[in-house]
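Chemist: Read off the chains here:
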Amino acid sequence: MGKKILLEHINVPGIKSLDVYRQNGGYASVEKALKTMAPDVIVEEVKKSGLRGRGGAGFPTGMKWSFLAKPEGVERYLVVNADESEPGTFKDRYLMEKIPHILLEGMITSSFALGAKTSCIYIRGEYFYVSRILEAAIEEAYAAGLLGKNILGTNFSHDIFVQVGAGAYICGEETALLESLEGKRGNPRIKPPFPAVAGLYGCPTVVNNVETIASVPYIVMNGGDDYAKIGIGRSTGTKLISASGHINKPGVYEIEMGITVEDFIYSEEYCGGILNGKKLKAVVAGGSSVPILPAELILRTEKGEPRLMSYESLSDGGFATGTMLGSGGFMVYDETTSIVKNLYTFARFYHHESCGQCSPCREGTGWMEKILHRIVEGHGKHGDTDLLWDIQRKIEGNTICPLGDAAAWPVASAIRHFRAEFEEYINHPERIKEFKHLQELVS
Amino acid sequence: MAKVTIDGESIEVPDGTTILQAARMIGGDNVPPAMCYHSKLKTSGGYCRTCIVKVSKGSEKDPRPMPKLVPSCRTTVMDGMEVQNNTSAEVLEARRGVVEFLLINHPLDCPVCDQAGECHLQDLGYENGAAKTRYDFPRRKFNMIDIGPNIKMHMTRCIMCFRCVKTADQITDNRVHGMLFRGDASEISTYIEKAIINDFSGNMIDVCPVGALTDKTFRFKSRVWFTKPMDAHRDCKKCSGKVALWEKGNEVLRVTSRKDKWGESEEWICNECRFDKKDIKDWVIEGPRHIDRHSVISLNHYENVVAKLKIDIAKQQKQIVDKK
Ligand SMILES: Cc1cc2nc3c(=O)[nH]c(=O)nc-3n(C[C@H](O)[C@H](O)[C@H](O)COP(=O)(O)O)c2cc1C
Ligand code: SF4
Ligand code: SF4
Ligand code: FES
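In the order they appear, the protein sequences are chains A and B.
For the first sequence, position 372 matches number 371 in numbering that gives the first Met the number 0, and the numbering has no gaps at all.
For the second sequence, position 57 matches number 56 in numbering that gives the first Met the number 0, and the numbering has no gaps at all.
Source of the hints: derived by calculation from the structure; they are not laboratory data.
Source: prediction; values computed, not measured.
Careful: at least some of the hints might be erroneous.
To be verified - With a straight-line Cα cutoff of 30 Å, these simulated DSS-like cross-link-like pairs (lysine-lysine) come out:
| # | chain 1 | residue 1 | chain 2 | residue 2 |
| --- | --- | --- | --- | --- |
| 1 | B | K215 | B | K260 |
| 2 | B | K131 | A | K183 |
| 3 | B | K131 | A | K369 |
| 4 | A | K15 | A | K69 |
| 5 | A | K369 | B | K67 |
| 6 | B | K260 | A | K69 |
| 7 | A | K2 | A | K302 |
| 8 | A | K340 | A | K369 |
| 9 | B | K131 | A | K190 |
| 10 | B | K60 | A | K190 |
| 11 | A | K31 | A | K228 |
Claimed, not checked - Quick partial rundown of chain A residues pointing at chain B, CB under 7 Å, derived from the structure:
| # | residue |
| --- | --- |
| 12 | Q22 |
| 13 | I189 |
| 14 | K190 |
| 15 | Q356 |
| 16 | R361 |
| 17 | G365 |
| 18 | N397 |
Said to hold, decoys possible - Label-pair ranges, simulated between beta-carbon atoms:
| # | chain 1 | residue 1 | chain 2 | residue 2 | range |
| --- | --- | --- | --- | --- | --- |
| 19 | B | K193 | A | Y200 | 31 to 39 Å |
| 20 | A | G271 | B | L91 | 26 to 34 Å |
| 21 | A | K380 | B | E11 | 46 to 54 Å |
| 22 | B | I25 | A | K116 | 53 to 61 Å |
| 23 | B | F219 | A | E134 | 42 to 50 Å |
| 24 | B | M65 | A | R299 | 55 to 63 Å |
Backbone N, C-alpha and C define an ideal beta-carbon position, used for all residues, glycine too.
Turn these sequences into a full structure, and let the hints guide you.
Modeler: The following block contains the structure:
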């Protein structure tokens, strides 16, 4: 069994409640931080831990914290990103639903380190019931003196608010999230300035993912060096993986970074192998926006080394033969899957979720969806694959926020690794009803 | 001060200047096209992506190139920065991509559009567009809405530059329109019909780079290249009263703000000057207005003729005097 940090107590009955959570060592980091540590020391420990943002980009958290501007007399904020809308990702929901207090504990400790008197959880509208769980937990924390004025008798006071979004993927992008929090339309801001300088209401703000913040209590309790020993290389610690698709045991798993992808897919501890003993065709390893990889490239890198569940190993080979760990939304496809249809579904999503501010994403996502639609309907035209390639290339890297890239990468990777399947759809529309022929194309 | 080199030409500019502003100071053919940036509107720019350039050297201190193309209207210069615009094939290709994106859903109804002849999208398409479209789906349509008494809105022509939104925010007392919906279904709208009624709303027409917002009092009156632009002014309590009149014969067909060589309003004017003062007697005429930017208007230009006439008259007068 690998090391568990976040889900260690997940199966303890009643862990949702403050009492049971505290009986299992909960809120010890608040006590330790507020009473025995200086804020800068905590930031230093987080730096040492090598913890990287779990929201998708993998930016070192300690570094992000140290960028926070600290002008005299200006409020600072911590905002927790619980928008979790990347298709294939559902780990934050699991964590908040099962052990809400681990997030609150992380928020209080982190806010102390950052000098934030107020913090906020921005949660997606579809997680309305989870927001109720959080609210209840917050109430418990206030009653226990863990929130509010003079927490645990110290000078530190803190308030936490929960804000429910209205169900837009783009509001997960940190600056769109801040706009939405301010009550405006969720359009990403043009950067610079970055939130660390001018974030919520123009004040310095740190935006972190739920899982990132929930990892902080362990670091405070055990030290950054201890955390850094878990995992592999620059991928320290554990990571929650949302596993879905054609596997025997879909669900949320906490893995120690560095286990092999093969182990993760086939071992009984995790996914338990491919459903119905079928063959593995492809994997999207980090949420819908990361490049899809065919079986041989997800299991082994181009150099023939086993692919590991880590930031570095998954991106080994760049986009030509690699992918990204992203948010840890691990989607497994067996040999019966149509990559083109799957891509069409993704393209529909990105088209629907584009905010519409910048021309390449606003116009390009719709165009790609239309072309993919006609291809899956059997009306594809010769040259459509090249056209798709060209459109995605002109979106990528030329937009205000990374949603443009997120829309482009799945298209690029599907064409890169499964071009024959596109051509099959276009050249033999009469055969697309039976997917069997697609299996021959895989190998 | 910072020294920046754009397509091989260098200039020293104050700190905080954007690449686009620096390029405009240098002038010439290497100025990136801009559709959503407007020099008189704060926080404008960054949306359309037509002004993208390549930063091949970040600065003297940190010479690394920037990893992506950047919008020149939103990127400030650093000392020693080197920028490629027309000299980068990558920039030109990406820009052609942006222009294609802006055009795929555009109705191309220039023959019936009042903006034709002074439309920035026409210029952009002419300079950077392809001759044929690769888009073979039905183009986007919107329901027509009536946004108020003075301005005609054609949402199908809008390129989402946000200039009108920022104008309403920054120069009127109350913005009542904005962007509704999302992605390619986004539209500029008032939500409540006929809502735009304030003294400076007409400036939204001037900032709109395309024919999405046009002047109802000028609707279908004339193609712009058949009208004569004149600088004129009047005493006005609400604005500077300095305008451009667009005449045909002795009739004033349209009043607009005076625009600089980038097609951007120099000063805002009020709705009374714009919509109500259509009698030549309302105005003190200063003389013909030079329009730099729009080839069609300039082609039909008479100002040179007028200037020449002035010289001729002066000459004749001198000859008469000399004879005496
Ligand atoms: C379109 C888009 C959607 C995003 N959605 C989420 C999200 O749902 N949850 C999240 O934590 N980060 C999301 N991100 C990443 C955030 O912008 C930001 O990088 C992250 O919250 C930072 O936290 P971290 O450093 O802890 O990962 C999204 C980014 C983009 C561009
Ligand atoms: S990339 Fe797409 S989602 Fe992001 S700002 Fe541009 S239009 Fe909006
Ligand atoms: S209506 Fe005109 S000014 Fe307003 S966003 Fe559209 S194109 Fe820009
Ligand atoms: S003018 Fe710079 S992005 Fe539009």
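Chemist: Tell me the hint numbers this structure goes against, listed in increasing order.
Modeler: When the structure is compared with the hints, numbers 2, 4, 6, 9, 12, 14, 20, 22, 23, 24 turn out to be violated.
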